[in-house]
Amino acid sequence: MKFSALSGLCFTLLIVATPSHGQEAASPVITIRKGTAVVVAVKELGGNAGPAAGAVLKNDLQLSGALSLGEADNASVVVSGSADPGSFSAAALDKTGAVVLKKSYGGDPRRAVHAFADELVETLTGSKGIATSRVAFVGNRTGHKEIYTADYDGGNAYQLTHDQAISVAPHLSPDGHRLTYTGYQSGYADVYLIDLRSGARNRVLKFPGINTGAAISPDGSRIACTLSKDGSPAIYVTTISGDSPRRLTRSRGAESSPTWSPDGATLIYASDEGGAPQLFQVPAGGGRGRLLNTGFGYCTEPDWSPDGKRVAFNVRVGGTFQVAVLELGSGPARVVIGAGENPVWGPDSRHLLFARGTGLYLFDTVSSRENRVIGDLGKISEPAWSR
Amino acid sequence: MKKTVVSCCLLILALGACKKVQNQEYAGVDGDYVNGTPLPPRQEGVSFLSDSVQKGQFAPILFGFDRAEVSPNERPKVQEIASFMRRENRNVILAGFTDERGTEEYNRALGERRAQAVRSALSQEGVSPARLQTVSFGLEMPADPAHGENAWAKNRRVEVGVVR
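Residue numbers (numbering that gives the first Met the number 0), protein chains in the order written: chain G, 0 to 386; chain P, 0 to 163.
Mixed in with the good hints there might be a few duds.
Said to hold, decoys possible - Okay, derived cross-link-like pairs now, EDC-like style, lysine to aspartate or glutamate, Cα gap no bigger than 16 Å in a straight line:
(1) G:378 with P:139
(2) G:127 with G:174
(3) G:205 with P:65
(4) G:94 with G:72
(5) G:378 with P:99
(6) P:76 with P:124
(7) G:102 with G:121
(8) P:153 with P:43
(9) P:153 with P:65
Hints were generated in silico from the structure; no laboratory data involved.
The structure displayed is predicted, hence computed values, not measured ones.
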């Protein structure tokens, strides 16, 4: 909707072609209308894994929101390629036949297709794609709340914890390699840090009282969290190993869900110090907090977008939990999802993940299109997304 | 309602600003702990869920929706725990819970806030805060799994676990 004022304007996007075989390819010129997605056609992929890879690629391009799928005769870009177990190669050509992007990958074709999709989105739009990102969430299919991880489209879903206690509140580090969560296996709420590549797990926060809501800073060196060791649930920042806790907030309220600005200098969190919960902003190094004027009377679970421009959060309207987005500096907030909990931003600062009932949903804040990506792991809650 | 909240917060910030020389380091009002005393170290191997803790000896302390104050109606329950603790040399774990409404992490913080409120009330009754540990389960483990105000009223609670 934001683009409607600009929709009459055409602009030219210059794309630097990947030179192939020492041949100097001409720079293809694609004219696109701003606000409309570039139309991409995907030809039937060759190779043993071709049909499956083609389906993943088409789904990636469609879910990107930035590109749309079409037929070869009306597409600006046509993709062809082949996939076999252990290899994937593809080329995207413009209407003149010039190479827009040409790549070969080893390893799992599914991961390779996601990588190609992200590169194509970035080449054509200049924006970061979401296809290679990872997500984490809570599912209770086993009868216990456990942490699961998956590709952003729900593929490769994997049960990460087998604690058989209460394992909740997962957060992924921005690079997706580390995950923090709140586990109750000691009988208390403690924070665990898992290195997803080695599988190593450490209990990093185990202060008396509550330890929860751990969010790893953008540079990976610190954890923001809720602790109550000093007598009130408040926001603290610790080192990545849980040492040297520094208290940032000091109210009689319940304070929760700290979320980092992209530069790691500021946190936004929820506090009910004034009655119903509201969002506040505080310098991560300590300092005075200030109320964010959202226009809503009940705001929880904030998540700051990777581009720093907006925050998504839950609002309670007439007993229903809705998802609202506040454009920082130009509020008030607007409701974008009529029913859903725990919104989190994707790497493109455009898509949100949220939980509703037994579903994990991907939501495009530009088109308002919603796709369920997980639906068979019991009740879903508290998604997290790498950046 | 919303305006009241905003103006209250502005007032708090304004009051804070007047005293800012005292404390630049924290958001909110200076000196504003629920309890002035930090929690004692955990007793290794002892938790609200372990066999070494007896549950159900005392009636749960109940709370209003989104509230974390011990109401005058609930005060006698606190006094009963306090008089037991004056007689017996036992430590207590206070477990805070919420109803199923509300988002998960906010409920975890709210449950902890309720447990801290009971800890504060017990210390006002003369119990040493060093004998009181807290834990919050948020919306997990409802006392009544039904949906509706009857169940919710029972679920907004602090349960008392007596360490054997």
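Here's how the hints hold up against the structure:
Annotation: proposed proximity of residue 378 (chain G) to residue 139 (chain P) holds, straight-line Cα distance about 13 Å (limit 16 Å). The straight-line distance between the Cα atoms of residue 127 (chain G) and residue 174 (chain G) is roughly 14 Å, inside the 16 Å bound, and the hint therefore holds. With a C-alpha separation of about 27 Å, the suggested pair residue 205 (chain G) and residue 65 (chain P) falls outside the 16 Å cut-off, and the hint is violated. Proposed proximity of residue 94 (chain G) and residue 72 (chain G) is supported: the alpha carbons are some 9 Å apart, at most 16 Å.
Proximity of residue 378 (chain G) to residue 99 (chain P) is assessed by CA-CA distance (about 13 Å); at most 16 Å being required, the pair is judged to hold. At most 16 Å may separate the alpha-carbon atoms for a hinted pair to count; residue 76 (chain P) and residue 124 (chain P) meet this at roughly 12 Å. Distance check on the hinted pair: residue 102 (chain G) and residue 121 (chain G) sit about 14 Å apart at the alpha-carbon level, within 16 Å; holds. A C-alpha spacing of about 31 Å is found between residue 153 (chain P) and residue 43 (chain P), which places the hinted pair above 16 Å, so the restraint is violated.
A C-alpha spacing of about 14 Å is found between residue 153 (chain P) and residue 65 (chain P), which places the hinted pair at or below 16 Å, so the restraint holds.
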